[in-house]
Amino acid sequence: MDDRSAYPEAGKSNLPVFTMDYLRIQIPFEITLWVLLASFAKIGFNVYHKITVWVPETCLLISIGLIVGGIMHSVHEEPPAVLSSNVFFLYMLPPIVLDSGYFLPTRPFFENVGTVLWFAVVGTLWNSIGIGMSLFAICQIEAFGLQDLNLQENLLFATIISAVDPVAVLSVFEDVSVNEQLYIVVFGECLFNDAVTVVLYNMFSFVADMPVVEPVDVFLGVARFFVVGLGGMGFGILFGFVAAFTTRFTSKVREIEPLFIFMYSYLAYLVAELFAISSIMAIVTCALTMKYYVEENVSQRSCTTIRHVVKMLGSMSETLIFFFLGVVTITTDHEWNWAYILFTLLFAFVWRGLGVLVLTQIINPFRTIPFNMKDQFGLAYGGLRGAISFALAFTLPDTIGRKPLFVTATIVIILFTVFVQGISIRPLIEFINVRRTNRNLDTINVEIHCRLMEHTIAGIEDLCGQWSHFYWKDKFMKFNNRILRRILIRDSRAESSIVALYKKLELQNAMEILDTVSGDISAAPSIVSLNEEKKTSAKPKRKFLAADLRNMHNILSKNMYKIRQRTVAFTGKHSLPNDTHSREILIRRHASIRRSLRPGSFQTSVVPKSHKYFSLPAGKSLDSNFLPPEQLSHLDAQETMSEVAFPSRRSRFGKPTRSSSKAMMPLRRLDTLKEAPSVDALDKDRPEDGRTRPGMSRINSSYSDSRVPASRRHFSSSSENDNEEEQPQLSSPPPGWAAEPSDSSTQNPLLRRPQWNPKKM
Amino acid sequence: MGSRASTLLREEEIEEIKKETGFSHSQITRLYSRFTSLDKGENGTLSREDFQRIPELAINPLGDRIINAFFPEGEDQVNFRGFMRTLAHFRPIEDNEKNKNATTSEPLNSRTNKLLFAFRLYDLDRDDKISRDELLQVLRMMVGVNISDEQLGSIADRTIQEADTNGDNSISFNEFIKVLEKVDVEQKMSIRFLH
Numbered sequence: 001m002d003d004r005s006a007y008p009e010a011g012k013s014n015l016p017v018f019t020m021d022y023l024r025i026q027i028p029f030e031i032t033l034w035v036l037l038a039s040f041a042k043i044g045f046n047v048y049h050k051i052t053v054w055v056p057e058t059c060l061l062i063s064i065g066l067i068v069g070g071i072m073h074s075v076h077e078e079p080p081a082v083l084s085s086n087v088f089f090l091y092m093l094p095p096i097v098l099d100s101g102y103f104l105p106t107r108p109f110f111e112n113v114g115t116v117l118w119f120a121v122v123g124t125l126w127n128s129i130g131i132g133m134s135l136f137a138i139c140q141i142e143a144f145g146l147q148d149l150n151l152q153e154n155l156l157f158a159t160i161i162s163a164v165d166p167v168a169v170l171s172v173f174e175d176v177s178v179n180e181q182l183y184i185v186v187f188g189e190c191l192f193n194d195a196v197t198v199v200l201y202n203m204f205s206f207v208a209d210m211p212v213v214e215p216v217d218v219f220l221g222v223a224r225f226f227v228v229g230l231g232g233m234g235f236g237i238l239f240g241f242v243a244a245f246t247t248r249f250t251s252k253v254r255e256i257e258p259l260f261i262f263m264y265s266y267l268a269y270l271v272a273e274l275f276a277i278s279s280i281m282a283i284v285t286c287a288l289t290m291k292y293y294v295e296e297n298v299s300q301r302s303c304t305t306i307r308h309v310v311k312m313l314g315s316m317s318e319t320l321i322f323f324f325l326g327v328v329t330i331t332t333d334h335e336w337n338w339a340y341i342l343f344t345l346l347f348a349f350v351w352r353g354l355g356v357l358v359l360t361q362i363i364n365p366f367r368t369i370p371f372n373m374k375d376q377f378g379l380a381y382g383g384l385r386g387a388i389s390f391a392l393a394f395t396l397p398d399t400i401g402r403k404p405l406f407v408t409a410t411i412v413i414i415l416f417t418v419f420v421q422g423i424s425i426r427p428l429i430e431f432i433n434v435r436r437t438n439r440n441l442d443t444i445n446v447e448i449h450c451r452l453m454e455h456t457i458a459g460i461e462d463l464c465g466q467w468s469h470f471y472w473k474d475k476f477m478k479f480n481n482r483i484l485r486r487i488l489i490r491d492s493r494a495e496s497s498i499v500a501l502y503k504k505l506e507l508q509n510a511m512e513i514l515d516t517v518s519g520d521i522s523a524a525p526s527i528v529s530l531n532e533e534k535k536t537s538a539k540p541k542r543k544f545l546a547a548d549l550r551n552m553h554n555i556l557s558k559n560m561y562k563i564r565q566r567t568v569a570f571t572g573k574h575s576l577p578n579d580t581h582s583r584e585i586l587i588r589r590h591a592s593i594r595r596s597l598r599p600g601s602f603q604t605s606v607v608p609k610s611h612k613y614f615s616l617p618a619g620k621s622l623d624s625n626f627l628p629p630e631q632l633s634h635l636d637a638q639e640t641m642s643e644v645a646f647p648s649r650r651s652r653f654g655k656p657t658r659s660s661s662k663a664m665m666p667l668r669r670l671d672t673l674k675e676a677p678s679v680d681a682l683d684k685d686r687p688e689d690g691r692t693r694p695g696m697s698r699i700n701s702s703y704s705d706s707r708v709p710a711s712r713r714h715f716s717s718s719s720e721n722d723n724e725e726e727q728p729q730l731s732s733p734p735p736g737w738a739a740e741p742s743d744s745s746t747q748n749p750l751l752r753r754p755q756w757n758p759k760k761m
Numbered sequence: 001m002g003s004r005a006s007t008l009l010r011e012e013e014i015e016e017i018k019k020e021t022g023f024s025h026s027q028i029t030r031l032y033s034r035f036t037s038l039d040k041g042e043n044g045t046l047s048r049e050d051f052q053r054i055p056e057l058a059i060n061p062l063g064d065r066i067i068n069a070f071f072p073e074g075e076d077q078v079n080f081r082g083f084m085r086t087l088a089h090f091r092p093i094e095d096n097e098k099n100k101n102a103t104t105s106e107p108l109n110s111r112t113n114k115l116l117f118a119f120r121l122y123d124l125d126r127d128d129k130i131s132r133d134e135l136l137q138v139l140r141m142m143v144g145v146n147i148s149d150e151q152l153g154s155i156a157d158r159t160i161q162e163a164d165t166n167g168d169n170s171i172s173f174n175e176f177i178k179v180l181e182k183v184d185v186e187q188k189m190s191i192r193f194l195h
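Protein sequences, first through last, are from chains A and B.
At the far end of the first sequence sits residue 761, using full-length UniProt numbering, and the numbering has no gaps.
At the far end of the second sequence sits residue 195, using full-length UniProt numbering, and the numbering has no gaps.
Rather than coming from a laboratory, the hints here were simulated on the basis of the structure.
Remember, it's a predicted structure, so these values are computed and weren't measured experimentally.
Watch out, some of these pointers could steer you wrong.
[Claimed, not checked] Far from chain A by the CB rule (all over 12 Å, computed), these chain B residues:
{"id": "1", "residue": "Lys19"}
{"id": "2", "residue": "Ser24"}
{"id": "3", "residue": "His25"}
{"id": "4", "residue": "Glu94"}
{"id": "5", "residue": "Pro107"}
[To be verified] Here are the in silico distance ranges between beta carbons for each label pair:
{"id": "6", "chain 1": "B", "residue 1": "Gly74", "chain 2": "A", "residue 2": "Phe226", "range": "22 to 30 Å"}
{"id": "7", "chain 1": "B", "residue 1": "His25", "chain 2": "A", "residue 2": "Leu313", "range": "28 to 36 Å"}
{"id": "8", "chain 1": "B", "residue 1": "Arg81", "chain 2": "A", "residue 2": "Val420", "range": "51 to 59 Å"}
Built from N, CA and C at the ideal position, the CB exists for glycine as well.
Start from the sequences, fold in the hints, and give me the full structure.
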């Protein structure tokens, strides 16, 4: 901008009141504007929800980008060179990959790691070589005028377009909500095929200059693949451990804790780029490794901050990438060749389908849950290409003669897969699903009992540990507990108490919310109705109209908990993990456990709600051991000692914020409650500690465990004497809810629990 | 994995379990290693807490009931035999077994026994009837918080109405079997045990 107008004519030099200096701020200003523009577009789509149901956001973003690109082209402005330079690989890609890696559901991932790697490595190889060869064959046909493309160039191009892109895939799959096995395999494949892509890309671009390929080069390529892949993972793990170790000491500098996460991951990425090894794998493995230990060391607030910032950066990057994809589509120089482009599309599709088919056949016998045809279709159809292909195409060396052709073809493929496949995948999957399930609407009985059976089967399968290779996991867990945790986690001894304390805190809060929201649920409708039913024996039979029946079917189908389809649905890309159903179930179990411990509550027909808020005889000595004096006032003198444990714990947590400030350490353990259960493999399967799993019962069991690890023995010893006083006074197993917790063994641990003292922190 | 486990489980026991439940040798050893990995106290039995430690069971709406099904009346510990006996209900019915009706007692994984398992998930007090409240309890466990008690009550009433043939306002086991006669229970209540 010309700011000379602000100045008066030469000769006079008054103080300028108002000046402008655009050049100085140009770059950050434009960046901010672009980001804002893309974000406005995102707000815009979400305002009108119906669009995003049918059209994935990525398509919309690209469309807006196309429009903006058109505008810019018509005014002959050049868009910022975002996708065609280092900016993409160094600034825009890492946040997305970090987002993907950080929220990768670890347990399903490790359960499927073989399949993931199989598809990533062999699948990408298959696709690249297949597409490359076929295109080369097409080029031989004279009519298309493509003779000058030699084999190496074709292979190079094929490598670029066979790389399935995590960004595109995730955005689309999230809307479709496929089952988690499928999701994790596609997702994992996207993340890990980077290693193969990098190697092939380097190899072919190196070789594209050379007229002749020697076997030595192929062998070197294979060796390089291992270097790239394993090196990437190695760096990732290394940086992950270093980050975990660092956070062990950050208790005094809570404010900058999140910074370490980001810096270390980014460092892993950059160092991998330095050595030209797979940076995506490095950052993903870094995030995976780091997450587990860091979330234990870091404060609750930092943990939340990290998650939110990771999501925010990832989301922003993704938005920008797709936006710019649209913009740059218009403004680049294109070279169009019908034959090449159409055949590319065809071959990409065909080879992916074939590849999935063949590879699944080979890997299915090794899988605990084989892929059926529907899954295979999802796998094949869900292989979208995205911005990575585009950036790779752009950074092709200019020595390749037909570079614009390649760029154009890449863009066409990307747009085709994102638009056509992205939009149609959802109806197709729903169509297939609908066709497969038998909608048996005759009787309510069938619906209910079938659901019961499905839940039972899911439960039994979990019980048998059907799909966990638990041998290796047990081994790793032992190694983890004995060595790694000691080194990397700040205070792995006391965490159990704090963790459990915090978990209860959360549960209690959640329960309170639940209670206020839904009235009588925890007041055991069954118990109330039990008494009522006994009184009103002769109820006239009600007439149910067909409309009632339909309503019932609707209600049931909408509200019955879904079966754990092997595992719960994966966490959506644009939201933090959510597990309201699990929490409801856990809360109910907690309520039922509590209720079952309350003696005599089943004999009385009235179940006052206030019982939930516990009571303890004020004068009992047991309390004073457990409770800080200020909270004894919460207790009233009606209940018996058997409620000590729960009530005391409950009333203690009347002030969540205060406790949280006291209990500084493994607070984020709470998030495991909020997360979908499949998030942390390592978290869950630590039966020895028995503390990190969500669920009250586990809190119970961890304390009822008489073989409690040495770390907690000091808790139990002091309460031994107390246990004799309280004997469960339940006359019979309550006919109400879960019958189990009524046995005496759970009494003791509950009583043992209040030993820890939040003040200790 | 297998070798460590099978040294603790004697061959005769494996044979007995095989005869009683129909599992194969490798399935039994695999399940035994699962049993031992759940058995934290290493005393050869599982208590309810051991089951409750499994994360997915805690968020299964019927988790507690399923766990309860492993424990015989009034007992708190289950040994490996009992564990396998309960799991045997879920073995798929093989074709050669369908034709075998010469055995004196029904195999544990027969259709009737599978249905009995499901029935017992409702019928906690073992009076061989699913009363309205037992049904309500299970329904409440299986649905979310958005259904009011009245709605659930009517669903339960309708359920009983559909099934109840003798007018006692509860579902007996035979009525239960009848209601599910068209359902492929053999497939629904079976899991593929790994070798």
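Comparing the hints with the structure gives:
Residue placement check: B/Lys19 keeps its beta carbon more than 12 Å from all beta carbons of chain A (closest about 21 Å). In this structure B/Ser24 is separated from chain A by more than 12 Å, as the shortest Cβ-Cβ distance comes to about 14 Å. Even its closest Cβ contact with chain A, about 17 Å, leaves B/His25 beyond 12 Å, as expected for a residue assigned away from the interface. Listed as outside the interface, B/Glu94 is consistent with that label: its C-beta sits roughly 18 Å from the nearest C-beta of chain A, beyond the 12 Å cut-off.
Separation of B/Pro107 from chain A is adequate, the least Cβ-Cβ distance of about 17 Å exceeding the 12 Å criterion. For the pair B/Gly74 and A/Phe226, the supplied restraint of 22 to 30 Å is violated, since their beta-carbon distance comes to about 60 Å. Taking 28 to 36 Å as the suggested C-beta distance range, the pair B/His25 and A/Leu313 does not conform, at roughly 54 Å. In this structure the supplied range 51 to 59 Å holds for B/Arg81 paired with A/Val420, their Cβ-Cβ distance being about 58 Å.
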